[in-house]
Amino acid sequence: MTEALLQVSDLVKTFGSGEAETRVLRGLSLRMDKGELSALLGPSGSGKSTLLTILGTLMQPTSGRHTMLGVDLTTANDRALTDFRNRHIGFVFQFHNLLPDFTALENVIFPTAVREGRETAAARARGRDLLGRMGLADRVDFPSTNLSGGQKQRVAVARALMNSPELVLADEPTGNLDRASAIQVMKLIGQINRDEGTTFLISTHDEKIAATCRRQIVVGEGVVTG
Amino acid sequence: MLYALKIAFRYLLSSKAQTALLVLGVALGVFIFIFMSALIGGLANFILASIAGDLSHVSIVAEVEDPALLLDPNAGQILLAQEKSAVRQAFLRDAAIYAPMIAALPGVVAVSPQITGSGFITRGGQVAQVAINGVEPGKESAIVQLDSYITAGSVRLGTGLTIIGQTLADDLDLTVGDTIRLDSAQGIDALLTVSGIYKIGQGGFDRATAYVSLDTARTLMALPQGVTRIEIKLADLMTADATALRISAITGLKAKSWTEQGAQVMSALQAQGQTGLLLKTFAMVSIVIGIASSLLLSTYRRKAEIGIMRAMGASRRFVVFVFVSQGALVGLLGGLLGAGLSYIVLQAFPPRDAAHPSVMPIDIHEGAFGLAVLLTVTIATLAAILPARAAARVDPVTAIGQ
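Chains A and B supply the protein sequences, listed in that same order. For the first sequence, position 85 matches number 85 in my numbering, and the numbering has no gaps at all. One rule links them: number in my numbering = place in the second sequence (from 1) + 226.
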C-alpha cells in the first residue's frame, strides 16, 4: 500500500455565526498518498478553495482532523504551522502572486531565504536551476513585473518547489493563462511530479487540465463526492 | 534578520518619492529639535554668562556673631539691655587654610579671598561713597574679568594703588595717575593713586566700587588677620549648588551658591527650557505621526504581498521586523540628514564665545546632535510597531484573495 502523505477526516468549516453562519465543509474526509498528481474539481462554492487553504495550513478547520506526514496540524499553533508550511507545502495561485519589487530569482528563493534569514549561494544556485527547468534561464534577474503571464506562473511554480516540499497546492494555476501557456505549465508540473515524486493537488474548473492528472477528486456540498 | 532588512530596504526604494518625502519630513523634525536645542541652550548660556559670568559662583561670607554673654545662671532675674556696635566686623580667620583646600576641589577655577567694606573717596571738595574691594594682587580678574573691562591704565594692583569705575572717574574727574583719599568706615584713610579705570556697564560697579590690594584693604578695614569673604569661580556655574554644599561640608563655613540670589533667573531659565522641551516634543510627535501613518498606508497597500509572504512561510515576527526596520531606516536616514542640515545651518551663527545681544545666541555645542539622531531612530522604530503589528495580523487567505 502507498504511504499516506496527508489525511483529513470529518472536516467541518463554518464561517460567520448565528443566522449568518455558512457551513462550507460538512464532514469532508480525504486521503492523499505521496507522489499523487490529483485534480480537485467541483462547482463554485463547493468548498474547493476552503479545503486547499486548510490543507495549506493557512486556515484551521472548525472541527475534524488534519494530519500530514504524521503531524496533527489541527492542534498546532501559528508558529508551528508557519514553519511546517515553509518546509513541506508549496503554493501556486491563480494570479501567480509574485512579489512585485523582486526579480524572478528573488521571488523563487524567498521561501528558503525567509527560513534561513539570508539569501545563501546554495539557495541562489537552486533558484537558478529551477528557473532553468521552467525555461526561464534568461529571465533570472528580470523584475517580476516585466514577465508575461505565463512566465510569472512558471516563476510561481519554481517558487513553490524551492524548499522541495512534499505537497504543492495549486489553486487554478492555469485559470489566468492562454491555452499554450496552460499546457506548458501543466507539462512542467507533470514532469516534476514524475521526476521528484512531489505530490500535487490542483484545483481547477478545466476538465482538460483535470484530465492530465492521474486522480480526480470531486467536491460538492462540502464533501468529497467522487 | 538580514533578509528582513533587505526587504525593508527594497520596500523603501520601491517608492522613492514617498520615502524621500518621509525622510525629509523626519529630517525637518530633527532640524527643529536640534535648532531649538541650540537656541534654548545658547540663550541660557548667554543669559547666564551675562548675569552670572562676573559674579562669584560660590561665596563664603563672614557672619557677625555676637559674643556670648557671661551671665550667672544663679543670679536671679537680670534685666539686660545690650546695645549693638554700629561698626562690627566679621572675618574668616582661617581663610589661608581653606583657600587651597577649596582651590583643589574639582570644577573650581579660581578662589579669591577678599576684604570688603565701605568708605568714601575724596578728591578736593568732591566726595563719593564707594564699596572697597580688596583682592590679592595678581588675582584682580579672578572673579570679575577686570582685565577685559579696563579702559585706561592697568589692572595690576599694589600698595597705594586703586582701580575705579568709569562713572566714578567721570563724576570725580579722575584719570589714571591721579591721587585720591580713601576713608574707610573704620575711620582709617589712605592716599591712593588711580592705576586703572574699568567699565563693566553695570551702574553699581562703575559708579561705586574701588578695587584695592588685599594689604591696602587690611589696613583700611583694620583687619590684621583673615578676610571678610572668599569668592569662588567654577568652570560650570550650574554645579554651584553642589559645590557650595561640598565646601560647607569640608570647611564648616556657610557657602552660598549664586543661585540663592539668582532664583528668579533660574526659574526663568527653567521656564524657557520647558518651552524648548515642549517644542522639541512636538517635533518628535510629528515624526511619530508621519512614520506611523506612512507605514500604515504601506501596510494597507502591501496587504496582498504580506499575505503571500505569510503563505510562503514568513512568520509574523519576520513581517513585524520588515516594517519596524523600515521605520528605523527612515528614522536613521532622516536623523542623519536633519543633523547634517542643522550642522551646516548652525555654522552660520557666531560661536558661543563671540555671542552678542544683536545676534541670536545660538550655540552649536548645545545642538544635542547625537541625542537627536538616537531619539529619532528610537521613536521612529517605536512608531513603526503599530503598523508592523497590523501587517503581522494580515490574514493571508483574505489578503491573497484580494
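Treat the hints as calculated values from the structure; they're not laboratory data. Any given hint might turn out to be false.
[To be verified] Which residues of chain B face chain A? A few of them, derived with a C-beta cut under 8 angstroms, are:
{"hint": "1", "residue": "D397"}
{"hint": "2", "residue": "R527"}
{"hint": "3", "residue": "I534"}
{"hint": "4", "residue": "G539"}
{"hint": "5", "residue": "S541"}
{"hint": "6", "residue": "V546"}
{"hint": "7", "residue": "Y569"}
{"hint": "8", "residue": "I570"}
{"hint": "9", "residue": "Q573"}
{"hint": "10", "residue": "I626"}
[Stated by the list, open to error] Not close to chain B: a few residues of chain A, all C-beta gaps over 12 angstroms, as computed:
{"hint": "11", "residue": "R31"}
{"hint": "12", "residue": "S49"}
{"hint": "13", "residue": "L58"}
{"hint": "14", "residue": "G90"}
{"hint": "15", "residue": "V140"}
The structure presented is a predicted model; accordingly, all values stated were derived computationally and were not measured. Positions of the beta carbon are idealized from the N, C-alpha and C atoms, including for glycine.
Structure-based check of all given hints:
no.: 1; hint: D397; in the structure: violated, 82 angstroms
no.: 2; hint: R527; in the structure: violated, 11 angstroms
no.: 3; hint: I534; in the structure: holds, 5 angstroms
no.: 4; hint: G539; in the structure: holds, 2 angstroms
no.: 5; hint: S541; in the structure: holds, 5 angstroms
no.: 6; hint: V546; in the structure: violated, 13 angstroms
no.: 7; hint: Y569; in the structure: violated, 34 angstroms
no.: 8; hint: I570; in the structure: violated, 34 angstroms
no.: 9; hint: Q573; in the structure: violated, 39 angstroms
no.: 10; hint: I626; in the structure: holds, 6 angstroms
no.: 11; hint: R31; in the structure: holds, 24 angstroms
no.: 12; hint: S49; in the structure: violated, 8 angstroms
no.: 13; hint: L58; in the structure: violated, 5 angstroms
no.: 14; hint: G90; in the structure: violated, 9 angstroms
no.: 15; hint: V140; in the structure: holds, 17 angstroms
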